[in-house]
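Peer 1: Next come the chains, spelled out residue by residue.
2 protein chains.
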Amino acid sequence: MKELKSIEKLTDSFSRLPGVGHKSAEKMAYSVLEMSDEDVELFSNALKDAKKAVHKCPICGTLTEDDICDICSNDSRDKTKIIVVSYPKDVVAFEKLNSYNGKYHVLGGTLSAINGVGIEDLNIDSLLRRIKEDGVKEVIIATNPTTEGETTALYLAKILENFDVNLTRLAYGLPMGGHLEYADALTLSKALEGRKKI
Amino acid sequence: MKELKSIEKLTDSFSRLPGVGHKSAEKMAYSVLEMSDEDVELFSNALKDAKKAVHKCPICGTLTEDDICDICSNDSRDKTKIIVVSYPKDVVAFEKLNSYNGKYHVLGGTLSAINGVGIEDLNIDSLLRRIKEDGVKEVIIATNPTTEGETTALYLAKILENFDVNLTRLAYGLPMGGHLEYADALTLSKALEGRKKI
Chain A
1 MKELKSIEKL TDSFSRLPGV GHKSAEKMAY SVLEMSDEDV ELFSNALKDA
51 KKAVHKCPIC GTLTEDDICD ICSNDSRDKT KIIVVSYPKD VVAFEKLNSY
101 NGKYHVLGGT LSAINGVGIE DLNIDSLLRR IKEDGVKEVI IATNPTTEGE
151 TTALYLAKIL ENFDVNLTRL AYGLPMGGHL EYADALTLSK ALEGRKKI
Chain B
199 MKELKSIEKL TDSFSRLPGV GHKSAEKMAY SVLEMSDEDV ELFSNALKDA
249 KKAVHKCPIC GTLTEDDICD ICSNDSRDKT KIIVVSYPKD VVAFEKLNSY
299 NGKYHVLGGT LSAINGVGIE DLNIDSLLRR IKEDGVKEVI IATNPTTEGE
349 TTALYLAKIL ENFDVNLTRL AYGLPMGGHL EYADALTLSK ALEGRKKI
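Protein chains in written order, with my numbering: chain A, 1 to 198; chain B, 199 to 396.
Among the clues, some could well be false.
Pairs of lysine to aspartate or glutamate residues, derived as DMTMM-like cross-links and limited to a Cα-Cα distance of at most 20 Å, are as follows [unchecked claim]: (1) B/K221 - B/D210; (2) A/K23 - A/D12; (3) B/K203 - A/E138; (4) A/K52 - B/E293; (5) B/K203 - A/D12; (6) A/K48 - B/D382; (7) A/K48 - B/E206; (8) B/K287 - A/E34; (9) B/K250 - B/E232; (10) B/K221 - A/D184; (11) B/K207 - A/D66; (12) A/K9 - B/E206; (13) B/K225 - A/E38; (14) A/K89 - A/D66; (15) B/K203 - A/D66; (16) A/K96 - B/E201; (17) B/K203 - A/E65; (18) B/K203 - A/E38; (19) B/K203 - A/D70; (20) A/K48 - B/D210; (21) A/K52 - B/E201; (22) B/K294 - B/D382; (23) A/K56 - B/E346; (24) B/K254 - B/E201; (25) A/K5 - B/E293; (26) A/K158 - A/D184; (27) B/K207 - A/D184.
FYI, nobody ran anything at the bench for these hints, they're computed from the structure.
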């Protein structure tokens, strides 16, 4: 049987997604044939639209569809308090709690020798600028509780030593080795509540 | 934080894929933002192209990008032998063996009261026509070894009683409750070899 080129190409695209192996990708590709023309059109456009519409907020580095994200542009939020996270989806996790009224700063990753991520690859300069310009009083470091996340937190702590800010780290309610985005709301709440001075 | 509409739409599309829950779909949607513009463009086009280019072969019902699939249009294959499967991907599984030189017929599903699939939803009339017109001598029923697959096989056996064909069913080398597409080549080979008269 001749291979179906268009199915192969689609399988190839699906297999680039996180956690999707060749067999699953193939299954997904075939399932697209079962969708209505309209759904496939929506799917196809959603891909391009998301890539086009979403970009990083120039102030905090989180993802937004506007010029500046709605957290940075919201004056009723306390700009003297900043939660520092590695990834935009971590901001989403905190916002779901509905209990934090400060701002965020997204580093865009964690220090990692293995993956070749160095200090210059993280959004640190803009964090220091915000601390100075906005009179920030508290910086809560909320990198993932992994080796890389810890290294990043320690590095930040060292840099921020010379700044007059209250520096804290999320409490270890978080299971070690896990990822912030998978924490349930209660665990995340507890971790935020019990945050400790570094 | 304002929800990112384009990410939500994309998440929604991903979650329609088989075996993808909301959390995985969201992760996939975010991962698209990390892809290059070119890769997203390729992905987006691959979806539309596959849906547009691939259709059912009017003779056997398998998927093809041509008018008639290359198995049906290949005169060097034995048209007096037909393997009857439920889905196009089952044809792919058999073709990978490189040991079968007959033709196929794809029913397009299995009889299932629960899913509301009845006799009229399956490609049976065209199978009977092929049997008559092509002087078919052997029909090998290769529906999945599940309750629905068995029901479908028994129903076909009943209809084909009145035809002068050698009717067989794949041997039970296949693990019960499994699906053809996941069988390894050896198991599938053995099942084909040891096929039994119904």
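Peer 1: Quick one, are B/K250 and B/E232 close enough, alpha carbons at most 20 Å?
Peer 2: Given that 20 Å is the threshold and the Cα spacing comes to 27 Å, the pair is violated.
Peer 1: With a cut-off of 20 Å on the C-alpha distance, tell me whether A/K96 and B/E201 pass.
Peer 2: holds, 11 Å
Peer 1: Assess, step by step, whether the Cα of A/K52 is no farther than 20 Å from the Cα of B/E201, and give holds or violated.
Peer 2: holds, 16 Å
Peer 1: Does the structure keep A/K23 and A/D12 at a Cα separation of 20 Å or less?
Peer 2: With a Cα-Cα distance of about 11 Å, the restraint between A/K23 and A/D12 holds, given a limit of 20 Å.
Peer 1: Between B/K203 and A/E38, does the CA-CA distance stay at or below 20 Å?
Peer 2: holds, 19 Å
Peer 1: Do the alpha carbons of B/K207 and A/D66 lie within 20 Å of each other, as the hint requires?
Peer 2: Satisfied, since the Cα-Cα distance of roughly 17 Å is no more than 20 Å.
Peer 1: B/K203 and A/E138 were given as a pair; does the straight-line alpha-carbon distance stay at or below 20 Å?
Peer 2: violated, 31 Å
Peer 1: Hey, B/K207 versus A/D184, does the alpha-carbon distance stay inside 20 Å?
Peer 2: It is violated: about 23 Å lies between the C-alpha atoms, which goes past 20 Å.
Peer 1: Just to be careful, I want the Cα atoms of A/K89 and A/D66 compared with a cutoff of 20 Å; is the pair within it?
Peer 2: OK: A/K89 and A/D66 at ~17 Å, within 20 Å.
Peer 1: Is the Cα-Cα distance between A/K48 and B/E206 20 Å or less?
Peer 2: holds, 13 Å
Peer 1: For the pair we were handed, A/K5 and B/E293, check the Cα-Cα distance against 20 Å.
Peer 2: Measuring from Cα to Cα gives roughly 16 Å; hence the hint holds.
Peer 1: Verify the proposed pairing of B/K287 with A/E34, using a straight-line Cα cut of 20 Å.
Peer 2: The given pair, whose Cα atoms are some 13 Å apart, holds under the 20 Å limit.
Figure legend: structure checked against the earlier numbered hints; hints not met, in rising order: 3, 4, 5, 6, 9, 12, 13, 23, 24, 26, 27.
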